[in-house]
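*Asks:* Here's the letter readout for the chains.
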Amino acid sequence: MRSISLRVAVLRASAQQAQFVFVFVCYYVIYEVLLCPSNMDRVLISVKLIQSQKLSKCAENATVMTVHINPSQNGGELRSEVARLSGQSPADIRLVFAGKLIDDVQIMEDLRICENTMIHAVPAQRIQCHSDGPKTIKDEGVKPQPVHVLMESRIIDEDQRSPETPDVDLASSLHPSFYVYCKSHCRSVQPGKLRVCCQTCKDNAFIVKEDPVCWDDVILSNRISGSCLVPGCQGQKAEFFFKCSSHASSVNDQFTVLPLVKTNTRRVICITCADILTSVLVFPCSASHVMCLDCFRQYCRLCLDERRFIQSPELGYTLPCPAGCEDSLIKDTHHFLVLGKEQYARYKRFGTEEYLLSEGGVLCPSPGCGAGILPESDGESRVECLQEEGFGCGFVFCRNCHEAYHEGECGQRIEEPHGQRGSGSEVDMERERRARWESEESKRTIGETSKPCPNCKVPVERNGGCMHMICSRTQCKYEWCWICGIEWNMGCLEDHWFGAGFLL
Amino acid sequence: MANIAAGRIQRELREVMNSDEAIKNQIKIEFPIDDYSELQGEIIGPPETPYQGGRFKLHIKVPETYPFNPPQVKFVTKIWHPNISSVTGAICLDILKDQWAAAMTLRTVLLSLQALLADAEPDDPQDAVVAKQYKDDHDEYIRTAKHWTTVYAGGNTKNQELEQKVKQIVEMGFEETCAREALSSSCWDVAKAIENLMS
Ligand SMILES: [Zn+2]
Ligand SMILES: [Zn+2]
Ligand SMILES: [Zn+2]
Ligand SMILES: [Zn+2]
Ligand SMILES: [Zn+2]
Ligand SMILES: [Zn+2]
Ligand SMILES: [Zn+2]
Ligand SMILES: [Zn+2]
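Residue numbers (full-length UniProt numbering), protein chains in the order written: chain A, 1 to 504; chain U, 1 to 199.
No lab work stands behind these hints, which were simulated from the structure alone.
Label pairs and their calculated CB-CB ranges:
hint, chain 1, residue 1, chain 2, residue 2, range
1, U, Q10, A, G368, 34 to 42 angstroms
2, U, E15, A, R349, 37 to 45 angstroms
3, U, M198, A, D305, 47 to 55 angstroms
4, A, E314, U, A103, 24 to 32 angstroms
5, U, H59, A, C114, 49 to 57 angstroms
No experiment lies behind these values; they were computed from the predicted model shown.
Positions of the beta carbon are idealized from the N, C-alpha and C atoms, including for glycine.
Only chain A is shown next, with the shape it has when bound in the complex (with noise of 0.2 angstroms):
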């Protein structure tokens, strides 16, 4: 027994349009029992509408109601249909979609329209107005396609550089997407969809004049223009912004748009464990190599424990092309977003830290401290961990050597403070560090994989043959030895180069 599904949600109804609701609920069971094929695949959608009289703030004075369609149907049926059921002649409303206007022959399925899609009613005479604006309606045969589906498409045909890989399967389900960070609700990387509106009121009663070309089209703003439809607005210029696809989004949703994540449509297998998965990340490399998520938050999450990021004046902490291609870095560091919470926090704070040691800062050398200190002389050797707001630890060390802070030249053991009553309290403060620090210290080093770097102290791990270690910090390069923790030399490689009895 199939099932007869109708429901309209009028949220400000007159007595009038109750009336033709009612007339149009039989209309539907008429038309739904005798003559619609088929009820699978429709979906629920929302229509908005922005009401012609007068009305100065539309979002108070919209009517919504929520209406199921089928995706086979055209734009000048479900243009009648809202029409019916908001009491209004079809001639007098307009759809609008994602910046542009429906046509009358446009499928809805090829709009991507799916459950809790929200469109817009706006008063034909309203669209008049701006007739110097929009010419998608007159342009013959030339369908208004929504500004996300023009983009995606652009983004394939970008991605179709060398035509003779063999490709797109877009007859399966893979059709490309935007992807988005979804914050608050998934906290993962989702499927994402581009919507526009209006810059001045933000409403998405909006069309464009120009479709959007390039990420910097959408992502800096005022660069295209439209026309505001909601009644009172003047608003000119568009505002792009992008929702998760995996659910309706409320007020506080926050998305962050991920460029360089991208449909697989061209199922090109991954740099690292050689599946092919249906989301990737693609490098911007020249080879555009792939890697899918799962492997790109394992990578992030790698080089940020071994500090392979890479500080770059321009783009932060970022990184690269994992094949080691030229000029890879990834431009847009929201990408690390996908560690996960916790440890893109860790991100912004090595980030932190690196940028402040390539401005001539030092990080405290206390085990489980590592806050970044800037010193404020250049010239002043004794750095204090300033405790303050939950960070720091109040360790007085040496800007050269890393050891607690001492007088005179570096690597001399620090005299026994004989005589030195007045200032008593506070070296012995500082002994006391310095003790607990080193018996740390060689509690740390003693048989272990990972010993810090001689030369900026951040861990590096033994990995491979010989004693000749390589700091692994980008930043750094520091070549030193494994066994006497000071610089490669000629005396370590005649002597133990590699570890006697050494084995892997």
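Fit chain U with the ligands to the supplied structure of chain A, relying on the hints for placement.
*Replies:* Frame of chain A; chain U with the ligands shown alone:
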């Protein structure tokens, strides 16, 4: 092992096993049934090198962070080569260290090692003694490398003279491997080798 590495290693093993080189019996890889973290590799010595005719076994350890970090590889079969430790089999090869890239595979590693046998880099040595010999007395290096290939890697260029010298020292009560290493390091000068062994 982490999931990434396991899946990828399985593919790479298949790649090695189906490769032309494997079909021609030039490279080989073996592994325990469900542990892909410790593998046995094998390469043959390239023709027209002192390693020709030898089969060299390798121990390959795949780190959990593979392929973001390189596999750790060392020679199990003893070999006389400037870039490979004659004592431990440790290898000094850039792609196994900081020049590693995630796009490389076990097959490329095996082929690179084969290329290393054909083309040593004495200026970036792992074994300083061999490297010195390679540069100062190349004929002696070739003789020694051939000898090691025969003794340890199943090569077939027997050198009675060298065997005789090893025997001579072994009869004095030294272990054969030590005797051969000492002789090799002292250009097959028996007196010098004994001196080295005594010190
Ligand atoms: Zn979401
Ligand atoms: Zn507006
Ligand atoms: Zn992958
Ligand atoms: Zn690349
Ligand atoms: Zn501190
Ligand atoms: Zn110092
Ligand atoms: Zn370092
Ligand atoms: Zn040393």
